[in-house]
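Student: Spelled out, the chains give:
Number of protein chains: 2
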Amino acid sequence: MKIGVLGGDGYCGWATALYLSARGHSVAIVDNYARRQWDYELGVQTLTPIKPLAERLKVWEQLTGRSIELFVGDITDYDFLHSTLRAFEPEAIVHFAEQRAAPYSMIDRKHAVFTQVNNVVGTLNLLFALRELAPDCHLVKLGTMGEYGTPNIDIEEGYITIEHNGRKDVLPFPKQPGSFYHLSKVHDSHNIMFACKIWGLRATDLNQGVVYGTVTDEVAFDEALINRFDYDEVFGTVLNRFCAQAVIGHCLTVYGKGGQTRGFLDIRDTVRCIELACLNPAGRGECRVFNQFTEQFSVMELAEAVQTAGRKMGFEVEIEHLPDPRVEAEEHYYNAKHSKLIDLGLQPHYLSDSLLDSLMNIAIRYRDRIDSSLFLPQVNWRQATNARRRQTAVEPVVLAARQG
Amino acid sequence: MKIGVLGGDGYCGWATALYLSARGHSVAIVDNYARRQWDYELGVQTLTPIKPLAERLKVWEQLTGRSIELFVGDITDYDFLHSTLRAFEPEAIVHFAEQRAAPYSMIDRKHAVFTQVNNVVGTLNLLFALRELAPDCHLVKLGTMGEYGTPNIDIEEGYITIEHNGRKDVLPFPKQPGSFYHLSKVHDSHNIMFACKIWGLRATDLNQGVVYGTVTDEVAFDEALINRFDYDEVFGTVLNRFCAQAVIGHCLTVYGKGGQTRGFLDIRDTVRCIELACLNPAGRGECRVFNQFTEQFSVMELAEAVQTAGRKMGFEVEIEHLPDPRVEAEEHYYNAKHSKLIDLGLQPHYLSDSLLDSLMNIAIRYRDRIDSSLFLPQVNWRQATNARRRQTAVEPVVLAARQG
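So the protein sequences, as listed, match chains A and B. Per my numbering, the first sequence starts with residue -14, numbered consecutively. Per my numbering, the second sequence starts with residue -14, numbered consecutively.
Bound-form chain A, shown alone (with noise of 0.2 Å):
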């Protein structure tokens, strides 16, 4: 198939435009490099050292014999993207190409109403540069588990049965997203579900969990190739940030009581979940909504598992409670479905003692790269402007705001 990927440059663009390469599809990557620009707007970089994308690229075909095509523009500019898909004709679209980091979109206005924006309107172009020029092609949009928030009933996929004062009707799922990057993601929902029912569009809305992991059958080919791997409070994931702090002898950093429950998956489940719905295509005018992660875990449950595992590398591996950042549920009910794409045949790769042995040994490989004073949470949901000046390192011992 010709797939392109927006997004391509980013932490699970990459591994996904390599993995469709790899399997023989017709690749481009759509990207504007704005994930490398906010490294540097907050002083951060991926543990992982990552080449520039065109090197990356060279590398790429000169392992494998495969090219992968390259636009570099923003999708929010129409001009450019209605020029890249008359160039490239794809069969379908994945879409990665948002601001996808909750904190980053609290730090304050400017940066929730970047996110909104930045978001709300690539979709929008990408929704009318589809229905101008390629009706037929597959929208395979990336949304988070994020969006339906944590209420005290099972989640369902993107839809619904309520019955109600004795009638029945299939429902979008009621959205209580908890941040403004979450809310974008939402609004994307919206304005996508409204363009498939008025114009006979496909979509495919994958609410993806936490993803962990950096190696991927392509991206271990070769060095140059290497994927992100982000430990910092804003771009950060929770299983990152807590292998880096465990090889440095840093408490790990749970926020809260710790039982905030969210899905999770491995990234070489995100590279097939996202073949599979490239291969199953949407109907027109339908707009499918998949929940995609594979297991459910607590901060807490992860804290200890690195913690066991820290341990018997023989590391010394506490675990600190701080004040949440966050406004969030420290204790929750939580079941969410996630039937559809095992259904379409995915076959999970679970964590396991191993995989959590290999992110620890990329932290310990990658250790004298760790910056321990990009740990602490400097964005508080609270506070409507967050200075997030660059701190100098703080010792575990003397976190000041440690809770019981």
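No wet-lab data here; the hints were simulated from the structure. Hints should not be assumed to be uniformly reliable.
It does not matter which identical chain is used: a pair holds within one copy or between any two.
Said to hold, decoys possible - Cross-link-like lysine to any residue pairs, in silico, SDA-like; alpha carbons within 20 Å at most:
hint, residue 1, residue 2
1, 182, 241
2, 36, 205
3, 153, 138
4, 153, 142
5, 95, 61
6, 36, 19
7, 95, 372
8, 36, 208
9, 182, 308
On the provided structure of chain A, position chain B as indicated by the hints.
Tutor: Relative to the frame of chain A, chain B by itself:
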């Protein structure tokens, strides 16, 4: 109370500002005259000739001795909004300052993007300004009944108790909006709900039905205070259009079968609902939703009511069915709750023969200003781009698009 009316030069905003001023509140209007600009863009004008805002305000002060403050600017400009709130220090903000026409948002990509960015950013700015300057100020935000769409179950006021697999929760009512404009209001609702949760703001989201009527007690004081009467295909509402059509012998143009059922209310109830919301503010952290309408009608019921009223006045009034330019159910279940404003004391003005007569009389009075080329829909939901070129007047009998 000190009440800021954002969008106070528009149809609902103007009536509200005068009503609140007459009731003794200290009122400021914030407006950037966008509504007047859109008239120029579309080549249309309100049937009633409205005066410049500065003149309206001068006449109001001369007649009543009450002055209304004026801040001219755009709330998507945060510096302007910030300095305005700082200067006026409102206890309540009534927020009408959005692009409010579904067909306008469906003209093409630029209008869709403009509508969503304008509405979402304006509201985000307002939320941040309230958090920063006036966290106790009560936000009274105009939403729309169109956020709900037409589900096959009863529509509740904002939230619904869902029982599912043996568990229960109160969740936001699922939204199925029918245009990029209606979507923008859904985006706003989610953003407001979140801001109340994280910052403890107070908000009332008024999901308003279709408003009819031009004359409120205050507007009636003087011809210079007259309110808008929009009858064109973009900003006009259905009852106004039918009245304008009836008095010049044009058939009443019903879209499709005319079974589309919506909530309606008299503008005299709009202004009272707004005051009731202001006088009974939401609690800190509460995002309250009221469905603001008093009666449900189908489009055919309204057409028949205007036909009857028109014939009584000696006009020949025929009803024509055009293909529906919108993508919507032409026949459907509709039962929306609307008791919360009644509980606060609203005494509805129901649509009566005398009110219809008064609408017809306005149409007769300004009959010479009716431009029949503005009646026919030129914005088709199924197209991504609608040229919307000015047509010459089309006689009812030669309507090409006539349906059974």
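Student: Against the structure shown, which of the earlier numbered hints fail to hold, in ascending order?
Tutor: none
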